[in-house]
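Engineer: Fit chain A to the supplied structure of chain S, relying on the hints for placement.
Chains as they are written, first to last, in my numbering: chain S, 1 to 115; chain A, 1 to 111.
Fair warning: there could be bad hints in the mix.
[Stated by the list, open to error] Residues from chain S shown here face chain A by an in silico Cβ test under 8 angstroms; the list is partial: (1) 43; (2) 48; (3) 56; (4) 88.
No wet-lab data here; the hints were simulated from the structure.
The beta-carbon is built from N, C-alpha and C at its ideal position, and this holds for glycine as well.
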Amino acid sequence: KAGVTQTPRYLIKTRGQQVTLSCSPISGHRSVSWYQQTPGQGLQFLFEYFSETQRNKGNFPGRFSGRQFSNSRSEMNVSTLELGDSALYLCASSPGRGAGANVLTFGAGSRLTVL
Amino acid sequence: SQQGEEDPQALSIQEGENATMNCSYKTSINNLQWYRQNSGRGLVHLILIRSNEREKHSGRLRVTLDTSKKSSSLLITASRAADTASYFCASPQGGSEKLVFGKGTKLTVNP
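Next up, chain S with everything else stripped away, as it sits in the complex:
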């Protein structure tokens, strides 16, 4: 079956702009999690959505937001971009419940560069 698809793969923005990243999970997976990866901080959890509801949230400012649609696809948005938002943003899907509930399948990531 198709894997987790993230778009776009690469993007360059300037400070103050906003960005929307998209994630299509594996068919049948109801949970989508987002992570930010930087060399200094490693993998930081952003949020997790399950059946269109935010189930868990990390310690990121309100500029970072997300949503999940009825088909489980998810988007995350970062507003008023800062240089420090430059990172690899990873989306991962999982069943979200039952056996293997939190075994994550990751997408290839969206690499954001903020100039």
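Structural biologist: Then chain A, alone, in the frame of chain S:
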């Protein structure tokens, strides 16, 4: 916040040797997972070990879990150049499905 901390941060070995990576975590867990990441790509799930298991095997991978010491180890036997990657441990935090990752061990296998 990091739940797991891997040790060492970096490891360089020759092909054919074994590689051992360790992970320590802070809170009680019901399972611990290991993932691999090739440079700049998404992570790939390798293996999951439950809190009531002490050891688990998958191919050339062997994972142990010591809940009394809050630690786990990943052993890769007979390593290959293709095993060059970063390896992360991850565990659920706070009773939720939220997986928290360590900072990883960067493994280099030299041909």
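Engineer: It remains to establish, for every hint, whether it holds in the given structure.
Structural biologist: Okay, the hints, checked on the actual structure:
1. 43: Result: holds, 4 angstroms to nearest chain A Cβ.
2. 48: 6 angstroms, holds
3. 56: Since the shortest Cβ distance to chain A is 4 angstroms, the answer is holds.
4. 88: 7 angstroms, holds
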